[in-house]
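J.: If you follow the hints, you should be able to join the two separate chains into one complex; please do so.
Chains C and L are the protein sequences, given in the same order.
Counting from 1, one number per residue, gives the positions in the first sequence under this note's numbering.
Counting from 1, one number per residue, gives the positions in the second sequence under this note's numbering.
Hints in this document: simulated from the structure, not taken from any laboratory.
In this text, a Cβ means the ideal position worked out from N, Cα and C, and glycines have one as well.
Check the hints yourself; a few may be wrong.
Sample of chain L residues facing chain C (criterion: CB under 8 Å; computed from the structure) [stated by the list, open to error]: (1) GLN214; (2) THR215; (3) ARG216; (4) PHE217; (5) TYR222; (6) SER226; (7) VAL229; (8) GLY230; (9) ALA231; (10) ARG233; (11) GLY235; (12) ARG294; (13) ILE333; (14) VAL336.
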Amino acid sequence: MRHGYPRAGAAVQMPRRRSGRPAAGLTLAPVAYNPRPVFPSDPPWGTERMLKSGEAAGVVEAGGGSDAPLLEVVGVAKSFGPIQAVADVSLAVSPGEVIGLVGDNGAGKSTLVNIIAGAIRPSSGRILLAGREVRFASALEARMAGIETVYQDLALALDLAVWANIFLGRELLRPGFFGRLGFLDKRTMQRRAAEELAETAIRIGSVRTACRALSGGQRQAVAVSRGLIWGSRLLLLDEPTAALGVAQQAKVGELIASVRARGVAVVLVSHNMPQVHAICDRIVVLFRGRKVADRAARTMTIEDTVALITGAGSA
Amino acid sequence: MSPPLDREAPLAGGANVEAAAPPSHPLAALLARASTLWTLLILLALIALFGIASPDFFSRASWLATSQFAVEYLLLGLGETFVIITGGIDLSVGAILGFSGMVGALAMSALIARHTGTPVVLAAGIAASLASGSFVGWINGQAITRLRLTPFVVTLGMLSMCTGGIYLLNNGENIDTIPDLVGTLGSYSIGGWIPLTVLVTALACAGSALLLDQTRFGLRTYAIGSNPVGAARAGIDVERHLVKIYTLAGFFSAVAGLMVMARFASASVQAGANDELDAITAVVIGGASLFGGRGTILGTVIGGFVITVMVTGLILIGVQPFWQQVAVGAILIFAVAVDQLRSRLIDLA
Chain C
1 MRHGYPRAGA AVQMPRRRSG RPAAGLTLAP VAYNPRPVFP SDPPWGTERM LKSGEAAGVV
61 EAGGGSDAPL LEVVGVAKSF GPIQAVADVS LAVSPGEVIG LVGDNGAGKS TLVNIIAGAI
121 RPSSGRILLA GREVRFASAL EARMAGIETV YQDLALALDL AVWANIFLGR ELLRPGFFGR
181 LGFLDKRTMQ RRAAEELAET AIRIGSVRTA CRALSGGQRQ AVAVSRGLIW GSRLLLLDEP
241 TAALGVAQQA KVGELIASVR ARGVAVVLVS HNMPQVHAIC DRIVVLFRGR KVADRAARTM
301 TIEDTVALIT GAGSA
Chain L
1 MSPPLDREAP LAGGANVEAA APPSHPLAAL LARASTLWTL LILLALIALF GIASPDFFSR
61 ASWLATSQFA VEYLLLGLGE TFVIITGGID LSVGAILGFS GMVGALAMSA LIARHTGTPV
121 VLAAGIAASL ASGSFVGWIN GQAITRLRLT PFVVTLGMLS MCTGGIYLLN NGENIDTIPD
181 LVGTLGSYSI GGWIPLTVLV TALACAGSAL LLDQTRFGLR TYAIGSNPVG AARAGIDVER
241 HLVKIYTLAG FFSAVAGLMV MARFASASVQ AGANDELDAI TAVVIGGASL FGGRGTILGT
301 VIGGFVITVM VTGLILIGVQ PFWQQVAVGA ILIFAVAVDQ LRSRLIDLA
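Only chain L is shown next, with the shape it has when bound in the complex (with noise of 0.2 Å):
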């Protein structure tokens, strides 16, 4: 799951490399090379912390506790780290989780009074959800590359409506006339350990990094966050690509949202709200650059993970879970400053 170049491999040291290679910052090769390991060591920590702490950590319970609540970050983290890396931003990924359930409880809802089998109600409300996401993660694309907008100002517009959208959509109220076969999917896991939600998490993660790391879509997206100009000059519809992007991550956030619903077994005017912040620092806790180029689907997963495992471990030894969103904000601004320094040094070498 490494980015298409060998970072682990001696960058100045190999056996023919020319004796002109600009001399690396020792910082910077160390910041350059481990940023994932960095991340690994500290979600170790921090699980070697709580388990010490209290016990209870290692229970099924906070096992199935933590990682269904890494679903959604994580979900919307796969989209984000695809956006991050060619250089934007995505600020609506919560509210399009939001909205997308919405939508697809509503056509749910509107099916189950004409009274439809339930595999077509759920059909139905799975295909409208991630229709409806990817919908406006395709409209943020257009609106980024048509209009020539930042991804920050046309993703904060699309946050607004979208918010205000999902309490249009069913007049600020919740939606729980939905099959309770999907409570019921939500809430079974594998022999008890492997949440089906998780287990669709694993496979998006899973397929997220193979193409990102594997494919020509994955290459060019890194290309792109590079050298939109060079990828352009090599022959890369940078437009076309940036739009498939956004609508990826819209994409994401409708599979977020319906593990959302599944999960609660409803639709919420409040799911998603704030996400967007908690993907944004899985992702850059995770090692991605916010100036593109650099970013791996494995930094995300462990990024998420720290930040839901300070949760349930907070809780668990009895601290207010509040200083959870205190300790991700602080470690928000770290990984960024962090992130910074990298490319300053790297720049200077």
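So that you can see chain C by itself, here it is in the shape it has in the complex (with noise of 0.2 Å):
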């Protein structure tokens, strides 16, 4: 007996729909650069009739060429009120790039992530996606363009399978007649999961357990698979080890080098600088919202973070 059931609009802005059609001015597709054909023999995005081909998701300008970086952030800067959480960062992450975003509580790691997430618009500043500018209007319109976040909590349903919860809310349906009923199909989705995740590091004994059952490294492992499913080329994992014990840290760890191994490019918010330094490639250190360090992991030692991090020393 729960109350206070969120908004559709609140944790993700989604567009309210009426009989199937998009709402005004949102125009949802699939990323115009995924080279990786997701289903080819559905009908692309069939299953969601919001979803029209066309231009990627809030493109708002053509242009960039293929060796563009894949995601580009601009001296993008947002403030709360008086309040400026971040000042004039700039930012490019190149495929399957695995990037540590740290600072302290409050240095506008979240905002950044956000902003990129589609969930916070920035106040100025511009995000190019392979090279072109987009502005996303929620974080459903930044998934459906490639960039996935998994959250802290994750957002599974616990009591669902695996395969469930990684197609949850982009259903497939059975061909025909069946398909309009609304009548799922499980055994696609159940094979398309079990694929999925068989190409992460995280063995998952049967797509069909329900996540309550799972360790947390495997729930990560789902949570991440639901993104990268759709052929999302950037991944933002916010905290995805504030909450596992060491062994699942490490699994975890597997996790992001395997994603990584696919050319998927990695955006990784952590407290936990031994990890943020094993796996990434380059560190990007927020001190009140400014960036103050960039640079590749191998150069810096675990001191050197910290003392950027706490203001203490300089890049």
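T.: Structure follows, in structure tokens:
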């Protein structure tokens, strides 16, 4: 007997839909640069009528080349009233790159991640995805464009099976008449989920297992697979190991490595300095909303990083 | 008719399962895996017990009485199952049963007075019942999602409003000026064994089971009950889904109202009174969790029969049937205690 159901527009800015039409001014589409056709046999995105083929979500300006970074953040700032949460931060992320985003509490990490994830709109600055400027109206739009955010609480429905969690919100329906009645194509979803999970470093016995029965690392893998199965190219991980034990933290490290091996870029927000140094290619340090360091991880020691985080060091 | 996960599958014993899977408490595993099975065993034990105590229990008359009695609770239980799986509760299903029945009977009565043909009267009555029941359910859903009130409060208020409405609609009098055909259909049994009302209920159960287990609607119902925030993040319009769920519960209540009306060939002001408690009991005995996320139609059907078999059985063995209410109450408390224990153990694991 729960109360205070989340408005769909609260957690993610969901377009209010009636009769399956997209909300005015919103076009959600598969990512144009996605090199991996997700379901070649199925009509692309055929399960969601709101998804029409066409331009990628939120793209406001064409252009860019194939050698542009996957994600470019240019001079982004965000203030909440008098508080400057993020000030003039620029950042570039290449495919297959793992970036550690670190900083003290209140340094602006969450705000920056939420801006990239589409959950917060920046006060100024630009975001380019594969060289094209994007402006996301909602987290859902960013997700549709290939930016998957995995929050600390993972947002899994623990009573549901692994496959159901991976496809939740984007369920595949049976072809033909039964599909139009809303009947699920469970077999395909289970097969696809198993294939997707097989590409991660973490083994899960059966995709028919309830997520409640999974370990922390396995749950993380399910949450990550949720995005990757739709061809996401950028994964934002917010404190993925904060609630995990040592063994499961190591599992998440393997998971991130397997994601990177597939050419997906990862932005990892973490307070776990040894892990950040072990996993990440590059470390970006925020201090009071400003980027104070952006260096290859191997050129820094943990002590350097900690000094930068606390404002005692200089880049 | 299993929920969209394989409860029967060994959760931690599969060949490739990671060794670090949390150790599940043996009792939790037992309770979680077999809630429907337990209820089925209780039902079978009851049937065996009554069968031994009174040979008449296996008679046709006994089956007809039990099954027709079960119709009301099963139909209400169907809608209640969907609601409880979302983590909500609907206390107004019994009142909606009575209210929608009254509306349908009033419509029929008014049309008969104007000498309309029976088929039209019947169709109009059914339509008025279903529409009014669904509408009240829709109001429930709107109040819960827009006013951000708990389902308990909204449906408790609706229970009171509809109960008042039943008496206001016809000055507290029953309505029996409905076509004779209604009563004829209500007492007709296919082959003498399958009453039409039971057939309608069986179809409704089968349809609900498919909806819950095989469709996107059903999957999202479980998801919302399991983690409403996560469901919203996954792009599900939680509020809209909940409105549909409560509308569905209202619709099933109206179907139950029609069945009751057919059985008694009249609309009674007493119809449906206190039924919500039996409906909720049937759902909870059937293994659904009041915390949301768990429950099956099969479980509800078994739970509904546990309740009704007890009434017929107790009458047949010469025990005052009021003991049934005592027993049902005790079973309800036991079932909820098991549910809470299960949740605690699972969370510990």
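J.: Please verify that hint: L/VAL229, Cβ, nearest Cβ of chain C, below 8 Å or not.
T.: Cβ of L/VAL229 sits 5 Å from chain C, so the hint holds.
J.: L/GLY230 was flagged as interface toward chain C. Is the shortest Cβ-Cβ separation under 8 Å?
T.: 3 Å, holds
J.: Under 8 Å is the threshold here; is the Cβ of L/GLY235 close enough to any Cβ of chain C for the hint to stand?
T.: 4 Å, holds
J.: Taking the closest Cβ pair, is L/ARG294 under 8 Å from chain C?
T.: Status holds, d = 6 Å.
J.: Can you verify the interface hint for L/SER226: is its Cβ closer than 8 Å to any Cβ in chain C?
T.: 4 Å, holds
J.: For the restraint on L/TYR222, tell me whether the closest CB of chain C is nearer than 8 Å.
T.: 6 Å, holds
J.: Under the criterion of a CB-CB separation shorter than 8 Å, is L/PHE217 in contact with chain C as hinted?
T.: 5 Å, holds
J.: Is the shortest C-beta separation between L/ILE333 and chain C less than 8 Å?
T.: It is violated, given that the least Cβ distance between L/ILE333 and chain C is near 16 Å, above 8 Å.
J.: Under the criterion of a CB-CB separation shorter than 8 Å, is L/VAL336 in contact with chain C as hinted?
T.: 11 Å, violated
J.: Take the shortest C-beta to C-beta distance between L/THR215 and chain C; is it under 8 Å?
T.: Holds: closest Cβ of chain C sits about 4 Å from L/THR215, inside 8 Å.
J.: Take the shortest C-beta to C-beta distance between L/GLN214 and chain C; is it under 8 Å?
T.: 5 Å, holds
J.: If you take the shortest Cβ to Cβ gap from L/ARG216 to chain C, is it below 8 Å?
T.: 5 Å, holds
Hints 13, 14, counting from the list given before, are not met by this structure.
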